[in-house]
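Student: Modelling step: build the complete structure from the supplied sequences, incorporating the hints.
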Amino acid sequence: DGGITQSPKYLFRKEGQNVTLSCEQNLNHDAMYWYRQDPGQGLRLIYYSQIVNDFQKGDIAEGYSVSREKKESFPLTVTSAQKNPTAFYLCASSFSGGSYEQYFGPGTRLTVT
Amino acid sequence: AQSVTQLDSQVPVFEEAPVELRCNYSSSVSVYLFWYVQYPNQGLQLLLKYLSGSTLVKGINGFEAEFNKSQTSFHLRKPSVHISDTAEYFCAVSEGSNYKLTFGKGTLLTVNP
Chain A
1 DGGITQSPKY
11 LFRKEGQNVT
21 LSCEQNLNHD
31 AMYWYRQDPG
41 QGLRLIYYSQ
51 IVNDFQKGDI
61 AEGYSVSREK
71 KESFPLTVTS
81 AQKNPTAFYL
91 CASSFSGGSY
101 EQYFGPGTRL
111 TVT
Chain B
1001 AQSVTQLDSQ
1011 VPVFEEAPVE
1021 LRCNYSSSVS
1031 VYLFWYVQYP
1041 NQGLQLLLKY
1051 LSGSTLVKGI
1061 NGFEAEFNKS
1071 QTSFHLRKPS
1081 VHISDTAEYF
1091 CAVSEGSNYK
1101 LTFGKGTLLT
1111 VNP
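Those protein sequence lines, which keep their order, are chains A and B.
Taking my numbering, the leading residue of the first sequence gets 1, the next gets one more, and so forth.
Taking my numbering, the leading residue of the second sequence gets 1001, the next gets one more, and so forth.
Please keep in mind that the hints were generated in silico from the structure rather than gathered at the bench.
Values in this document were obtained by computation on a predicted structure and should not be read as measured data.
Idealized CB from N, CA, C, for every residue including glycine.
Be careful, since some hints might not be right.
To be verified - The calculated lysine to aspartate or glutamate pairs, modelled on EDC-like cross-linking and capped at a C-alpha distance of 20 Å, are:
1) Lys1069/B to Asp1085/B
2) Lys1069/B to Asp59/A
3) Lys1100/B to Glu15/A
4) Lys1058/B to Glu1020/B
5) Lys1100/B to Asp54/A
6) Lys1105/B to Asp38/A
7) Lys1049/B to Asp59/A
8) Lys1105/B to Asp54/A
9) Lys1049/B to Asp38/A
10) Lys1105/B to Asp59/A
11) Lys1105/B to Asp1085/B
12) Lys1058/B to Glu1016/B
13) Lys1105/B to Glu1015/B
14) Lys1105/B to Glu1020/B
15) Lys70/A to Asp59/A
16) Lys57/A to Glu1095/B
17) Lys57/A to Glu69/A
18) Lys14/A to Asp30/A
19) Lys1058/B to Asp38/A
20) Lys1069/B to Glu1020/B
21) Lys1058/B to Glu101/A
22) Lys1100/B to Glu62/A
23) Lys9/A to Glu62/A
24) Lys1049/B to Asp1085/B
25) Lys1100/B to Glu1064/B
26) Lys1105/B to Glu1095/B
27) Lys57/A to Asp30/A
Said to hold, decoys possible - If you want a taste of the chain B side facing chain A, the calculated C-beta under 7 Å gives, among others:
28) Val1029
29) Tyr1032
30) Gly1043
31) Leu1044
32) Lys1049
33) Tyr1050
34) Leu1051
35) Thr1055
36) Arg1077
37) Tyr1099
38) Gly1104
39) Gly1106
Tutor: Okay, structure coming up:
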C-alpha cells in the first residue's frame, strides 16, 4: 500500500537534546512538507522540499533543520534551539504544483520536559 | 499573501441535523481550496477540493462545499451528520503554482446523540 509513514508515534526527550523525526513516502511524490500543530493554532509550515537536495524555510523554521537526500525521505531535526518543541508534528507529500492535494502521515507527538 | 479564516472554532450539533462549517479566504490571485478532516491523534485526510469549474464540490462521507468567489468563501456542508463525523475540520488554500498550503485554525465538530 502506498502512503506516508512517520515514526515514532510518540517521542519523549529531555530539554537540551536534539531529536530527529522520520518521514518516508512511497507515493512517488516530488514535494514533501513538515508542519507543526498546536491546539487551536491549525497547522504551521516548518520546512518544505520540492526536489531532492533542495528545501525552503516555511513560516516557523527557527530551531528546526531538515535534509532531503532521497526522494522518499524527509527527516526533521528539532534542535535544542527550538524554545517550545512540545507539539504534534505532521509530515505530508504531494505531486508538484499547488493544485495537488497533500497527503499526510499519522503524525509524531513530541514531548520535551 | 493568502490567509484563511474559519469563523467557528467549535460547532456542536445533534445527530441527523444539518451542519455548515464556514471558511473565508483572502488572496489576490486565483486559488485552489481544500477541506481536510482530522480524527483525534491522526493525520489529515482530504474531504474535497475545488480547483476550477462547478462551484459545488462533492466529497467523501456525504460532505459538499460551495465556492463563492464574490464572497471569498468555501463553506462545508452536510445535510445529516453522524456521531462518526465528530472530528476537527480544516480549510486550506493554495495560490496557483505555489506549493504552500495555508490552513485555517480548524473547527471542532462535535456530534451529540
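Student: Work down the list of hints and note, for each, if the structure agrees.
Tutor: Results of checking the hints against the structure:
1. Lys1069/B to Asp1085/B: Distance ~27 Å between lysine 1069/B and aspartate 1085/B Cα, so the pair is violated.
2. Lys1069/B to Asp59/A: Roughly 27 Å separates the two Cα atoms, so the pair is violated.
3. Lys1100/B to Glu15/A: violated, 31 Å
4. Lys1058/B to Glu1020/B: It holds: about 14 Å lies between the C-alpha atoms, which stays within 20 Å.
5. Lys1100/B to Asp54/A: Distance ~15 Å between lysine 1100/B and aspartate 54/A Cα, so the pair holds.
6. Lys1105/B to Asp38/A: Holds, at about 10 Å.
7. Lys1049/B to Asp59/A: violated, 24 Å
8. Lys1105/B to Asp54/A: violated, 29 Å
9. Lys1049/B to Asp38/A: Not OK: lysine 1049/B and aspartate 38/A at ~24 Å, beyond 20 Å, violated.
10. Lys1105/B to Asp59/A: Between lysine 1105/B and aspartate 59/A the Cα gap is close to 15 Å, so the pair holds against 20 Å.
11. Lys1105/B to Asp1085/B: holds, 18 Å
12. Lys1058/B to Glu1016/B: holds, 19 Å
13. Lys1105/B to Glu1015/B: Violated, because 24 Å separates the two Cα atoms, which is more than 20 Å.
14. Lys1105/B to Glu1020/B: Holds, because 16 Å separates the two Cα atoms, which is no more than 20 Å.
15. Lys70/A to Asp59/A: Violated, at roughly 24 Å.
16. Lys57/A to Glu1095/B: Answer holds: lysine 57/A to glutamate 1095/B is near 18 Å, not above 20 Å.
17. Lys57/A to Glu69/A: holds, 17 Å
18. Lys14/A to Asp30/A: The given pair, whose Cα atoms are some 34 Å apart, is violated under the 20 Å limit.
19. Lys1058/B to Asp38/A: Not OK: lysine 1058/B and aspartate 38/A at ~29 Å, beyond 20 Å, violated.
20. Lys1069/B to Glu1020/B: Answer holds: lysine 1069/B to glutamate 1020/B is near 18 Å, not above 20 Å.
21. Lys1058/B to Glu101/A: Status holds; Cα separation ~15 Å.
22. Lys1100/B to Glu62/A: Holds, at roughly 18 Å.
23. Lys9/A to Glu62/A: violated, 23 Å
24. Lys1049/B to Asp1085/B: holds, 18 Å
25. Lys1100/B to Glu1064/B: violated, 24 Å
26. Lys1105/B to Glu1095/B: Judged against 20 Å, a Cα distance of about 18 Å means the pair holds.
27. Lys57/A to Asp30/A: Holds, at about 17 Å.
28. Val1029: violated, 10 Å
29. Tyr1032: Status holds, d = 5 Å.
30. Gly1043: holds, 4 Å
31. Leu1044: Hint holds; leucine 1044/B Cβ to chain A Cβ min 4 Å, cut 7 Å.
32. Lys1049: Holds - the Cβ of lysine 1049/B comes within 7 Å of chain A, reaching about 6 Å at its closest.
33. Tyr1050: At 10 Å from the nearest chain A Cβ, tyrosine 1050/B fails the 7 Å test, so the hint is violated.
34. Leu1051: holds, 5 Å
35. Thr1055: violated, 16 Å
36. Arg1077: violated, 20 Å
37. Tyr1099: holds, 6 Å
38. Gly1104: holds, 6 Å
39. Gly1106: It holds, given that the least Cβ distance between glycine 1106/B and chain A is near 5 Å, below 7 Å.
The structure does not agree with the numbered hints 1, 2, 3, 7, 8, 9, 13, 15, 18, 19, 23, 25, 28, 33, 35 and 36 stated previously, though it agrees with the rest.
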